[in-house]
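Taken in order, these protein sequences are the chains called A and B. For what it's worth, the working numbering labels the leading residue of the first sequence as 1, then goes sequentially. For what it's worth, the working numbering labels the leading residue of the second sequence as 866, then goes sequentially.
In case anyone wonders, no lab produced these hints; they're calculated from the structure. Because the structure is a prediction, the values reported are computed rather than measured. Hints may contain errors.
[Stated by the list, open to error] Okay, the calculated beta carbon distance ranges per label pair: (1) B:1011 to A:821: 52 to 62 Å; (2) B:1156 to A:366: 31 to 41 Å; (3) A:67 to B:1148: 42 to 52 Å; (4) A:170 to B:1206: 50 to 60 Å; (5) A:689 to B:1025: 17 to 27 Å; (6) A:585 to B:1289: 31 to 41 Å; (7) A:346 to B:1148: 55 to 65 Å; (8) B:1089 to A:595: 31 to 41 Å; (9) A:744 to B:1289: 53 to 63 Å; (10) B:1011 to A:757: 46 to 56 Å; (11) B:1089 to A:529: 56 to 66 Å; (12) A:328 to B:1200: 47 to 57 Å; (13) A:25 to B:1155: 55 to 65 Å; (14) B:1314 to A:327: 33 to 43 Å.
[Stated by the list, open to error] Some chain B residues close to chain A (C-beta under 10 Å, calculated; not the full set): (15) 904; (16) 916; (17) 967; (18) 969; (19) 1011; (20) 1020; (21) 1243; (22) 1259; (23) 1263.
[What the hints assert, rightly or not] Calculated from the model, a selection of chain B residues having no Cβ within reach of chain A, i.e. all distances over 10 Å: (24) 895; (25) 1089; (26) 1117; (27) 1152; (28) 1245.
Note that beta-carbon positions come from the ideal geometry of N, C-alpha and C, so glycine has one too.
Here's the letter readout for the chains.
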Amino acid sequence: MTSRELTVPALSLVVLVGVSGSGKSTFARTHFRSTEVLSSDYFRGLVADDENDQAASGDAFDVLHYVAGKRLAAGRLTVVDATNVQPGSRKALVELAKQHDVLPVAIVLDVPEAVCVARNATRPDRDFGAHVVRRQRDQMRRGLRNLQREGFRTVHVLRGEEDVAAATITRTRLFNDLRDETGPFDVIGDVHGCRAELETLLARLGYELRRDELGRAVGAHHPDGRRAVLLGDLVDRGPDTPGVLRLAMGMVADGDALCVPGNHENKLLRALRGRNVQVTHGLAESLAQLADELELREQLVPFLDGLVSHYVLDGGRLVVSHAGVVEKYQGRASARVRDFCLYGQTTGETDEYGLPVRYPWAEEYRGSAMVLYGHTPTPEPEWINNTMCLDTGCVFGGSLTALRYPEKELVQVPAERVYYEPARPFPVAQPDDGVRGHGVAGTIGSGPARRDPEVLDLTDVLGTRVVETAYQRRISVREENAAAALEVMSRFATDPRWLMYLPPTMAPVATSARPDVLEHPEQAFESYRADGVDRVVCEEKHMGSRAVVLVCRDLDAARARFGAPGEALGAVWTRTGRPFFDAPLTAALVERVRDAAEKSGLFDELGSSWLLLDAELLPWSAKAEQLLRDQYAAVGAAARASLPVAVEALERAEASGLDVSALLARTRARSANADAFSEAYRRYCWETDGLDGVRLAPFQVLASEGSAHHTRPHDWHLGLADRLVEADPGTFAPTRRLAVDTTDPTSVAAGVAWWEELTAAGGEGMVVKPAVNLVRGRRGLVQPGLKVRGREYLRIIYGPDYTEPANLERLRKRGLGHKRSMALREYALGLEALDRVARGEPLWRVHECVFAVLALESEPVDPRL
Amino acid sequence: MMLTITTTMPTATDLGYLLHKHPGRVQSFDVSVGTAHVFYPEATDQRTTAALLLEVDPVALVRDRKGPSGEGFALGQYVNDRPYAASSMLGVAMKDVFRTALAGTCTARPELAATAIPLEVRVPALPAQGDAVVRMLFEPLGWSVSTESVPLDPTVPAWGDSRYLDVTLTGELRLADALNHLYVLLPVLDGSKHYWVSTDEVDKLVRAGEGWLGTHPEKAFIARRYLAHQRELTRSALARLAEVDDAVPEALDNALEPGAIEVEATAPEMPDRPIPLHELRRGAVLAALRASGARTVADLGCGEGVLVRDLLADRQFESVVATDVSARALQYLARKLRLDRMPEHQRARLQVFQSSVTYRDDRLAGLDAAVLMEVIEHIDPPRLPAVERAVLGHAAPGTVVVTTPNVEHNVRFETLPEGTRRHRDHRFEWTRAEFQAWATAAAALYGYTVRFLPVGTDDPEVGPPTQMAIFDKVVTA
């Protein structure tokens, strides 16, 4: 018995066709995974408790189609095990395949009627007669020859039991699936017959051109094995379409290039095949140039015919096509996928030139694969959500552009001249219009393509979400936390274009066992020692509010990099992203920061036109005055009003001979505690007027252009902070610190003494951080800092009487686990956000992390920690 | 926290009988919120003072879940005025310690219990919104009231007075009545929302108020405030975010705060049409939507759904979408419109979901019309381009109706101090020229035409109280 190989595309909807008893289920079981097979019998059972209840077929197929749809959307091969003998039932499946842009495949099991009837007879649950099988078989045979016409791209017919038994299934890759090609690549935009520029560009990219005896370039090879990717529209309009084709075809044939078709190739192919096409948009030039190229024309038709609409390369990380391709079409095959790849999508509207308005698919692109495409001439290539259009209008006098992958370097060759006048003026790079923050670049033959990569989509943030970070694999955000974050982000937060970072919450040290305190530095040093960290830095904990400051060198930089929301130079925000001050005051503060950064040379030194600073803004009352008054001062006032009266009453009772001594002592202690409490909060208040009295204590440079700085040691950060203080001591406050070696008892003792000194003088406490900054321990990230708060400061956290021994004893039982986990998750998200900023990733990718930090902050955790 | 009760009746030490507490002893009682002590700083026949001192254990309040559970304004769980101020907790202690006296029972001196005696009650730290409220509550009951204010912080004079008063009540009353007055009115005065006691408060109020509450001129106020302590106390995720920023929860969780409506309601009556402005506004919006011929319409920033109710009442609107950025607003809407009981055919016309006008939302694409009624003024001006993009650019309904206050008209609101906005959360209020400039530019950018209509009387000098813009999408052939 010779086997019969049936090919099936790796992603397809396989429709088994065969009468009851023809052996479909056995066939499916033999050749496919059980989870790939959706059997109508099984779904009848699901909806009606009876696999043979024909009355339940309607519902059963509804559910089957639903499940099949989910599988196909996820890119999973799916087999439908049902009789499918009627055209109607097959039509529904072909539709389903089209909806998900996968290829429908029919495998027909044409087994003699007698065999089927005999099989059914052995199954007590199939009590229908032979006439049913005969009817099904008649229906099937009538439909057989129409299967291709019905839309099945592949049809396999197995005749007889032997054929069925001998069949094997081979899964074939789709043509567009070149995931195993890892490059490196040089991806080249629309050439349009500009052979000279193409040759120059290839040479500049390091390719060695191969010429025929007439001196014509017929190939190009890169000594390092790089490969060119031509994004289509090689032809039309330009001076030497045949020359471009000759070179491109040679490179493709030699394996030195990949090529996807453009709309112009498609039309040329139709023209070459004698179809009736409008000879416009430069086709006339191509046909004229090709008129004498008989040999080339012969090879041209099969070449053009064999071009695949798009390629998925490098493990799925890179996708190329002429007009771009949305995520759900990548690696799929259908007529509409091909149309999108060749023509893009239009909104159905037309612009003032009567040209169709392009649908801005790239703005909405959220895929992980980089998409490189051409088709729409733009003055300057620009990243939009991990996509880039490389058509820079060479034929219109622009330039020919290549992007090196994976290096992401642009290489451009200017057009030698204008070869073709566009239907509308070719745009030169426009200055920002300043009002909206975005240039609106007009594009040839397409109407205005509104460049708005800053639009965030609700699906970027809402619902249960999982954010992948490089530091702590997957971080989940629960729906209700995202909902709260959405409200704060929408109603209160700084513009997301500024808001590239939110600071993580910080865990306190493990609770001390000492009789008189809750927190003590010993635990911080101990904890880091246990994590293998020897050098730590103790930084004074400022008595203010955490602030993040983004400052740009000038308005041009602010516009170019951030769109300058509100025409500002930068922004200053709180832990939840809210602006600290109104716009004029913010502008004044940012300007001072800018001046100091300029004076101390930070911009130049970091090679950046902007800086993102982590800081503390003082006094606390500048932000939290309402809380101070409503919550803290009120408690002090109530205590001052009632406790002395109680003490006095008790003293009189004692004088009259009642034994109230214990109660009196306790009440006096409470009174003293309340006074100490008032003292503690008063240290956080001082009058401010505008910026007078406001001070900023920076302690970390989070990011600058192209870099996040979380691997730089704290010494470096604090050194930069010191220079800002030096430049403007009125605005900036220094951060006192002490280096401690956790393995040296003397050094540890000095650290403890330093903390005691700080807190005895009314200080809030200190933060202990690994000196090298980011540390990965045996179990993932190590806490980036541990706060050790002073005994008096904690009075305003745990209440005036917390120091009473009985209270301290109970307060020691505090669970730190959730707080620590939250601190690490938020830390990982913050780092991820900064890395994404450094890599120049799209706004939504950064915003996703920032939003997640905010959402995590709304998790219920003990706010005293 | 403490209070003292002093009497100067003949044989003043008989106060001990009335209170069932011997003047020669110091007695302590475990009550649910801590320990209550009763002692007599002074006990002579001329003058006897009983003191009730309640030692609240703040740690136990949190740890033993005697107070609000893990929820409530959590930062305030340890740091709060409960150990010092006379609040509902003192009421609880009174009930436990003076149960018999509250009932007016005194077997030793039954005639004395039924007699009005000279009394002086001192509450040294009574939380109250000013002296007037204390008078309003106690004076009708026969007390004369004297109060002394308590500064918020003597070292920061600029902060002024705290909400605490040192209160002395004097009067001639039956002791049981006096105690019942305090038992009911202390929690009423204490506006605190952090603590409550149990859920059968209505019964308690009825019992304690017997004989005096029914005739009290402020009985409605008393009942409302007394029972207000039972309102929902869950600490929302939003409130937690406020805490992160050291802000009070109301700073963020204010989506449903009344504001503009109250100010605007004080507009001088329009002679012919005494209709509140918010109704005029809804009417104008509905008229614009009806005229547009829209069948599918979204109310963006629907709040509690007042307009949504109107939209559902009109069959022209086959599909109504209600969105708000506040999840809490949508919960209120669901309750107010009784979504769970709405007839199916009507429910099928309505979609409710959280959304934000500064984010693009595909669910809003393809509608005939959308409404932004009193929404844009709650958005920071630099974010308005994002709103334009999301609504006019992306959702792009055929018609968009926008209303916003006309700031020129503010001078006509008598209760609105000059230079203040109509609502605390308003980020701006525009003149007619400002609004029209914004709307005209946005319309041009996204392919709309725009026209403007007044809402409310169009004052010849300052214009209407509310201004409305109607955007219509330009249809290209």
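Results for each hint:
no.: 1; hint: B:1011 to A:821: 52 to 62 Å; result: holds (55 Å)
no.: 2; hint: B:1156 to A:366: 31 to 41 Å; result: holds (39 Å)
no.: 3; hint: A:67 to B:1148: 42 to 52 Å; result: holds (50 Å)
no.: 4; hint: A:170 to B:1206: 50 to 60 Å; result: holds (59 Å)
no.: 5; hint: A:689 to B:1025: 17 to 27 Å; result: holds (18 Å)
no.: 6; hint: A:585 to B:1289: 31 to 41 Å; result: violated (19 Å)
no.: 7; hint: A:346 to B:1148: 55 to 65 Å; result: violated (40 Å)
no.: 8; hint: B:1089 to A:595: 31 to 41 Å; result: violated (56 Å)
no.: 9; hint: A:744 to B:1289: 53 to 63 Å; result: holds (55 Å)
no.: 10; hint: B:1011 to A:757: 46 to 56 Å; result: holds (49 Å)
no.: 11; hint: B:1089 to A:529: 56 to 66 Å; result: holds (59 Å)
no.: 12; hint: A:328 to B:1200: 47 to 57 Å; result: violated (39 Å)
no.: 13; hint: A:25 to B:1155: 55 to 65 Å; result: holds (59 Å)
no.: 14; hint: B:1314 to A:327: 33 to 43 Å; result: holds (36 Å)
no.: 15; hint: 904; result: holds (5 Å)
no.: 16; hint: 916; result: holds (5 Å)
no.: 17; hint: 967; result: violated (22 Å)
no.: 18; hint: 969; result: violated (26 Å)
no.: 19; hint: 1011; result: violated (15 Å)
no.: 20; hint: 1020; result: holds (6 Å)
no.: 21; hint: 1243; result: holds (7 Å)
no.: 22; hint: 1259; result: holds (7 Å)
no.: 23; hint: 1263; result: violated (14 Å)
no.: 24; hint: 895; result: holds (14 Å)
no.: 25; hint: 1089; result: holds (22 Å)
no.: 26; hint: 1117; result: violated (6 Å)
no.: 27; hint: 1152; result: holds (29 Å)
no.: 28; hint: 1245; result: violated (8 Å)
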